[in-house]
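Participant: Chains G and X are the protein sequences, given in the same order.
The letter at position 63 of the first sequence is residue 63 when you use UniProt numbering, and the numbering goes up by one with no holes.
The letter at position 73 of the second sequence is residue 73 when you use UniProt numbering, and the numbering goes up by one with no holes.
Rather than coming from a laboratory, the hints here were simulated on the basis of the structure.
Be a bit skeptical, because a hint or two may be false.
Taking lysine to aspartate or glutamate pairs in the EDC-like style, the calculated list, with each CA pair at most 20 Å apart, reads [said to hold, decoys possible]:
id	chain 1	residue 1	chain 2	residue 2
1	G	Lys136	X	Glu51
2	G	Lys392	G	Asp311
3	G	Lys80	X	Glu51
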Amino acid sequence: MKERVVVTGMGVISSIGKNINEFTASLKVGRSGIGRIYNAFDPPISVSIAAEIQGISFDAYLEGCAYSTEIPPGFTNEVKQCARRAPFAVQGSITAAIEAWSHAQLFKNTLAPERVGIIIAGNNLTEHYQYGLYEKFKQTPEYLSPTYALHYLDTDQVGILSQIFKIRGEGFTVGGASASGNIGILKGFQLIQLGLVDVCMVIGSMAHLSPMELQGFYNIGAMGGKRFINEPEKACRPFDREHEGFIYGQASGCLVLESFKSASAREVSKLAEISGGALVLDGNHLSDPNEAGEIRAMETALNQALIDTYDVNYINTHGTSSPKGDEIELKAIRKVFKRKTLDIWINATKALTGHCLYSAGVIEAIATIIQMNEGFVHPNINLDNPIESDFKFSGKELTKASIPIALSNSFGFGGINTSIVLQKVK
Amino acid sequence: MSKESVFQVIKESIVDILPEISTNQIEIALSLQDLGANSIDRMDIIIRSMESLGVKIPLVELARVSNIQGLVDLFYERARA
Numbered sequence: 001m002k003e004r005v006v007v008t009g010m011g012v013i014s015s016i017g018k019n020i021n022e023f024t025a026s027l028k029v030g031r032s033g034i035g036r037i038y039n040a041f042d043p044p045i046s047v048s049i050a051a052e053i054q055g056i057s058f059d060a061y062l063e064g065c066a067y068s069t070e071i072p073p074g075f076t077n078e079v080k081q082c083a084r085r086a087p088f089a090v091q092g093s094i095t096a097a098i099e100a101w102s103h104a105q106l107f108k109n110t111l112a113p114e115r116v117g118i119i120i121a122g123n124n125l126t127e128h129y130q131y132g133l134y135e136k137f138k139q140t141p142e143y144l145s146p147t148y149a150l151h152y153l154d155t156d157q158v159g160i161l162s163q164i165f166k167i168r169g170e171g172f173t174v175g176g177a178s179a180s181g182n183i184g185i186l187k188g189f190q191l192i193q194l195g196l197v198d199v200c201m202v203i204g205s206m207a208h209l210s211p212m213e214l215q216g217f218y219n220i221g222a223m224g225g226k227r228f229i230n231e232p233e234k235a236c237r238p239f240d241r242e243h244e245g246f247i248y249g250q251a252s253g254c255l256v257l258e259s260f261k262s263a264s265a266r267e268v269s270k271l272a273e274i275s276g277g278a279l280v281l282d283g284n285h286l287s288d289p290n291e292a293g294e295i296r297a298m299e300t301a302l303n304q305a306l307i308d309t310y311d312v313n314y315i316n317t318h319g320t321s322s323p324k325g326d327e328i329e330l331k332a333i334r335k336v337f338k339r340k341t342l343d344i345w346i347n348a349t350k351a352l353t354g355h356c357l358y359s360a361g362v363i364e365a366i367a368t369i370i371q372m373n374e375g376f377v378h379p380n381i382n383l384d385n386p387i388e389s390d391f392k393f394s395g396k397e398l399t400k401a402s403i404p405i406a407l408s409n410s411f412g413f414g415g416i417n418t419s420i421v422l423q424k425v426k
Numbered sequence: 001m002s003k004e005s006v007f008q009v010i011k012e013s014i015v016d017i018l019p020e021i022s023t024n025q026i027e028i029a030l031s032l033q034d035l036g037a038n039s040i041d042r043m044d045i046i047i048r049s050m051e052s053l054g055v056k057i058p059l060v061e062l063a064r065v066s067n068i069q070g071l072v073d074l075f076y077e078r079a080r081a
C-alpha cells in the first residue's frame, strides 16, 4: 500500500505577494504583477516588461524573522552565515521555505532529519548571477570570489537549504524547463509514496534570468508584450484572441509534502492531498507543444489518482499566453474531458504572475490549493475574447466555486509534459 | 601605502565576509581561522583584500602565511613592488 501524500505547508515570494496572505489577496482581486522592467539591462534588450519581485531586502526580511516566536533563536544567524551574499534566487528559495516550514509547524515539531528530503525544482538557476560577474572576470580573473565555485552550481540550493533546515534524507535538483515545478512535486510525492522520507520540502526556484536568456526567448518568438507595451498589466492574455507570447515572471515557491500518516501523528492541518501526477515526453527537442503528449499527461495523472474526468472541477492551466500553446492545451483538454469542459472551471495564474518558468508548477499548485480551500476561482483578468467558447473560463471578477478536485498542468520546452491532481483531504 | 592601511583593508574584508565579527575584535596576531573563518571565507577575505589593494599574488605563496600579520607583510611588500 502506497503512502498517501498531503501538503502541510506553503510559502511564496512573488511579484503579487511576498507571502501566502498577500498572494491570496492578489489572486482574489486579480492583481497583476507585470510592469516595466525595473532596472534597464546593459546592453538594452528587446524585452521591457516583466513581473519582477521588487522592494524586498533579504537582510530586512531576516531581521523580521528574528522577532518571530515561531522561528528558533539562532536560526537567522545560520541563514545569514550561509546565504547573506548568495544569489537572489537562493535567497528567494530560503524566504519561501521559511514560510512553508513555519506553516507546517516544522520549526517546533521536528522530525528525524534522515526522514526529511528536499527537492529543488529548476535548471540553470544561476544565469543572472554568472552574467553579473562576467564583465569583471574578463578584466581580472584572479579576483573572482572563491564562492563562485559553490554558487554557480544549481545544487548549491540543496546544500544551503539542507544545512539551514537540517535535512539529511534525499536531496537533489530536478530540471524540466517550465515543467520543473510540477516535476519537483511529482518526485517529492513519489519519495514519500515509496516510504523513503516522511516529509519532502519541494522548492520551485525563481528563474533569475540574465538579459541573454530573455533576448533568447524573444528571438525564438516565445515572448509577448509587443502590442500592450504601454499597458504591461494587459500583456499576458492566456486564451484571449490577442495573446502573443509569454511574459517573464519571478517567483519562488515552497510546498511541504508529507505522508498522511506523519501529518496525522503531528496533528497539523492537511491543506490538500496530492493524489496523482504524470510526466511524459514527446520525444521532441524543440519548443513546440504537442497535443498528444498533453493528453497523455492529463490522462495518466487522472488514472494514477483513480479519478474520473467527471469528478474534476477545476484546471489550473499551463496557459502562458502563447498562441500555439494556448490553442493546443484547450484542444488537449477537450479531448480528455469531452463535453464536460463546460462544467470545469479554467483559469491561468500566469496572467497575474507572469510565466515563472521553473517555479511555475509550484506557484500554480499553491494558487490551486488556495482556491480550493477558500472556495473561489481567481479572475482571468485579460480574457476579453476567448479563442474557444465551449470552456468554462473564470470571468473578470472573483467567482465563488467549490473545488474538491483539481488538475494543474505544466509543459516545458523539449517535449516535457506534466499534470498533477490535487484534491481536498477527506 | 603603510602597513597600517593594509591592515585596515584586510579588516574591512574580514567584517564583510564574517558578519558576526567587528573590527575591534581583529588583532593582528590572530589567524583568520581564530576569527571563525572557514577555508572558503579565508580565500574570500584574501582575494577581496588583494582586489582592494590592487595586488595579484599567486595563491601558492600564501601557504607560508600563518596569521594576519603575515598577510599584512606579504601584501605590503607586493603593493610596493
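Participant: Decide, hint by hint, whether the structure agrees.
Facilitator: Do the hints match the structure? See the list:
no.	hint	in the structure
1	Lys136/G - Glu51/X	holds, 11 Å
2	Lys392/G - Asp311/G	holds, 15 Å
3	Lys80/G - Glu51/X	violated, 24 Å
The structure is inconsistent with hint 3 alone, although it conforms to all the rest.
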